[in-house]
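Chemist: Single-letter residue listing:
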Amino acid sequence: MSSSPVAGPAATGPSSGPATGPSGQPAPDRHRGPGRPGRRIRPVSAGGRRGPRRGIARYFPQYLAVSPYYLIFSVFMLFPMLYTVYLAFQKWDGIGEMQFVGLQQFRFLWDDPVFWLSLRNTVVIWVLSTVPMLFMALVLAVLVNSVRRFTAFYRVALFIPSITSLVAIAIFFGAIFSNNFGLINAILQSMHLSAVPWLSNEWTIKLVIAALMTWQWTGYNAIIYLAGLQAIPSELYEAAKMDGAGPVRIFFSITIPMLRPIILFTVVVSTVTGLQSFTEPQVLFGSDASTNPNSGGPGQAGLTTLLYFYHQAFDNNDFGYAAAIVWAFFLLILLIVTINWRLVQRKERRP
Amino acid sequence: MNSQNRKRLRGLSVHVVLMICVVISVFPFYWIIVMATNTSQDIYSYPPKLWFGGNLLTNIQHLFDKMDFFGSLFNTVIVAVCTTLLVLFFDSLAAFAFAKYEFPGKKFLFGLLLAMYILPTQLAIIPQYEIMVQLGWLGTLKALIVPAAANAFGIFWMRQYTSTGVPDELLDAARIEGAGFFRQYWHVVLPCVRPALAFLGIYTFIAAWNDYILPLVMLVNPDELTLQVALAQLYAGHSTDYSMVMSGVLLAVIPLVLVFTFFARGFIADATKGALR
Amino acid sequence: MDLSRRRFLQAAVLTAAAAGATAACGGGTGESGSKDSKNLKFWYWAGGLSDKVVADAEKQFSDVSLKTSVIGGDFKTKLLTGMKTAQTAPDITGIKGEDIASFLPNAGRFLDLNSLGMDKLAPEYLSWKLKQATTQDGKLIGFPIDIGPCAMYYREDLFAKAGLPTDPAKVSSELSTWDAYFEAGVELHKAVPKTFLVNNIGAVFSMAVGQGTSRYIDADNKFIGDQDHIRTAWTTAVKPYTLGIDAKINDNTWNAAIGNGTLGTEIGAAWHALDISNAAPGTKGKWRVASLPSGPSNLGGSFLCLPSTCANPEKAFEIIKWILSPENQARGFTDAALFPTAPAAYELPALTGGDAFFGGQKTIEIFGPAAEKIPAAYEAPADAAVSAAYFNELTNVEAKGKDPETAWKDAVSQAKQIAQRQGVK
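Chains as they are written, first to last, in this note's numbering: chain A, 1 to 351; chain B, 352 to 628; chain C, 629 to 1053.
Please note: incorrect hints may appear among the correct ones.
Unchecked claim - These stretches of chain A come out as covered by chain C in the derived footprint (C-beta under 8 angstroms, 3 or more residues):
# : region
1 : 94-103
2 : 111-117
3 : 192-205
4 : 295-308
5 : 311-325
Honestly, the hints are just simulated from the structure, not real lab data.
Idealized CB from N, CA, C, for every residue including glycine.
Modelling step: build the complete structure from the supplied sequences, incorporating the hints.
Modeler: Written out as structure tokens, the structure reads:
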């Protein structure tokens, strides 16, 4: 757990200035410099009116101020997470007594082909969505950056999908990709192509889910890249033009390197959110069969790991097994984020 | 062709490409309206209807028969408003302490905040569910509001804004007048960080409005559901009346999109700032 | 967005206070609510009971206030969630037939209906159905709402086009085996190319399993899902797929498919008639019902249960007794296609009359004999969870074109593993 937790915040955290981004180190308070005159080591008031208070007590207001988050966090996140670890070693149906089973749940997990299938589904959907999403976002950002007019309009229009409810969008995608009567198949039909059973085929199911995620997040990422592009000093471009570099060359030797920290941020965020896909398949295939709910659609092709977790916990009431699934899944996210991190960082060292 | 013309042509083609992207971006909203205003039979037929129909009111009537729309809307508004207000208050307060004060354990606490960033909430959801059972909050909106009442992102965001946006001179002046921590927060910090609060507020509101997994797990009765869960249930099952469901989707999505477009400019600028820093 | 900070803070403090207050009050009222014998919470799912009968029950028992909720989503999941605490638990609840077995190990969470007077009523209801809700030590936790005698629904007009028999009696006798049924499907598909015989092969499989007297796990809690009876059902299920008469519908396009003639037949329980008439009101009069090929089967058929936290057991039992009286069960058949569990109802006009959706056919002639001949099979608590493996693999065959033989092997090994996880030997 040591390296990756850094990933999210360093990229996201408003804390590090642009200069600290690439290094990947969260540098909470550096950007003002330690010697800044305005900074107070301790509040005047603390020592002032009520006479010297000793020790921790004089920091009481600060602790009080930060306590709500840590209280909520401890009760609803930290304790539950640890409890989930404990649960992973139990067999428990949620009603009866818990029974300690040692590592049995993890042995089951290792042997469970459905678990591995769900991991494969999750990763495939993630790759199918993230790669085109970030690529198109970059292109879009460059395009918007190259025009003068309507930029405000483009930004709003491109951003809207990211604030739209996932449930609504999943229902919409379910409707237009409907096998027999969806808009997409109607269009294919009008072009005299044969209809595609989008929501029945192993690969097209993943494509539909990936398309959904791509639709929702491409604009958002484009807007973020756009802000990054605007921060690149124009002198750099002018200098490159003077040297006779073409637009493609400029893009790869100036734009991309300058955007690297932002690309890193979007990669990490897309990884963390992309791997956690749950709502899309749950809404699309949720209760398509009364005997077998939340199985992830035909061929279990839309069964993501989190959906499998939900199914085991809340449909089968196998809470111990579900706990093992979600922990294994968390380790996978850590692994992938770490790999991402290393990859992007390594590239950085090359000129 | 002179270079002036060529440039103009290139600019035009860029606009054309961008317009296509905009159309893709907003097409679902158009199509949701088309489906919501026609009958299910129109939707199933080939060729499909491409323009708005006149069946919206009938669809909405069917919708209201099938679900307690206003009840769900009310629940959703309660959750979103309460969560937003609590987040704004708790996060800005904590952010003030982190941004302007030193206290023992600050580094550790802040580091913890950073570390919690990528934890998937699902990791905690089973015990959370049991905790709600113990508290007797299961099936109530509290089960959604309280766990979301403060978050790491908001503290980051507000801390960043507070450390730059609140002049130390003002705080010093307040201290000299004898203002304590909370008085400073109230009189100096809050007025200064309003723009950041606006962004965090909209962000939290949207997130709470759209949340799905927590209400899915915590809520049971139809009269407790939030819109997202109620809509998903409406869609589930075999007997799907698409145009009816779409009228529900329309009603649930439109307010948020309108609110968003109203605040969009500032919001987007802030959202990118949050990402860039 | 200009937010007055005073307003803002006030609002925040108020919210926090209100949240705290409702937390306190909520707990209080909730507790008193659960002990309030005048308020009974009643849960079922859409189509689980006749809404009219339920509405009448509210009037009939005006001395208590009956708060009915039609719960959406996965009912079992919601019920388990609700039953976590006394305040959220319903006082009366439905439980679906496929889920009842999984509740038996926790029978202590429900009241024994026999002790409330069901033991005297028992002879009036189908004994095999009562047995499904009875624990090994004789506790009865569910009052049977309906049974799911299965039949074959078919489109008379499409059968006529394909030159197949159209009269229900004739269809029943000529398509009396799975093979004859599939052959008819091939002809049907040839004559009307866009029409398929079955919705998906999972449906065939569940029918075929239901035709046997044992399922995936035996009464000694031993896994038997790899034995011949399941294997035969599997082989039967795969046939329409290999014959190309499987519509492979595994999503909610079923709704549209049933209305536009994509599906020529539909095999399912009596209650499935409601799904068909809801999804395809335009096909009214075109459907008929014939016997299920190769003998009767049961699918689903639900129960009403009283959680042990029930505030007023005597009253609650009185209410469910009334709702499920033979007369009201007959109404349930008319309104919601719920096939009665009280044989006395079979004589009532609601059942003996013709059904306009089925062109005036007297469907009791099909369902009645089927109901009597349903083979009783032991259903283990883990039955539903284990069966998922087979259904998943059958959709794998449909969606990925997976080799049925490989799919069978994978289904068995997965089912074994699930069984093991669920504590089956």
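Chemist: Confirm or reject the coverage of the region 295-308 of chain A by chain C under the rule of 3 or more residues with a beta carbon closer than 8 angstroms to the chain's beta carbons.
Modeler: holds (count 6)
Chemist: Between the region 192-205 of chain A and chain C, see if three or more residues pass the 8 angstroms beta-carbon test, and mark the coverage as holds or violated.
Modeler: holds (count 6)
Chemist: Mind checking, does the region 111-117 of chain A have 3 or more residues with a CB under 8 angstroms from chain C?
Modeler: holds (count 4)
Chemist: Establish whether the coverage given for the region 311-325 of chain A by chain C is satisfied; the threshold is a Cβ-Cβ distance below 8 angstroms, and no fewer than three residues must meet it.
Modeler: This one holds; 6 residues, not fewer than the three required, reach chain C with a Cβ under 8 angstroms.
Chemist: If you look at each residue in the region 94-103 of chain A, do at least three have a Cβ nearer than 8 angstroms to any Cβ of chain C?
Modeler: Coverage by chain C holds for the region 94-103 of chain A (3 residues, Cβ < 8 angstroms).
The structure fails none of the hints (numbered hints given earlier).
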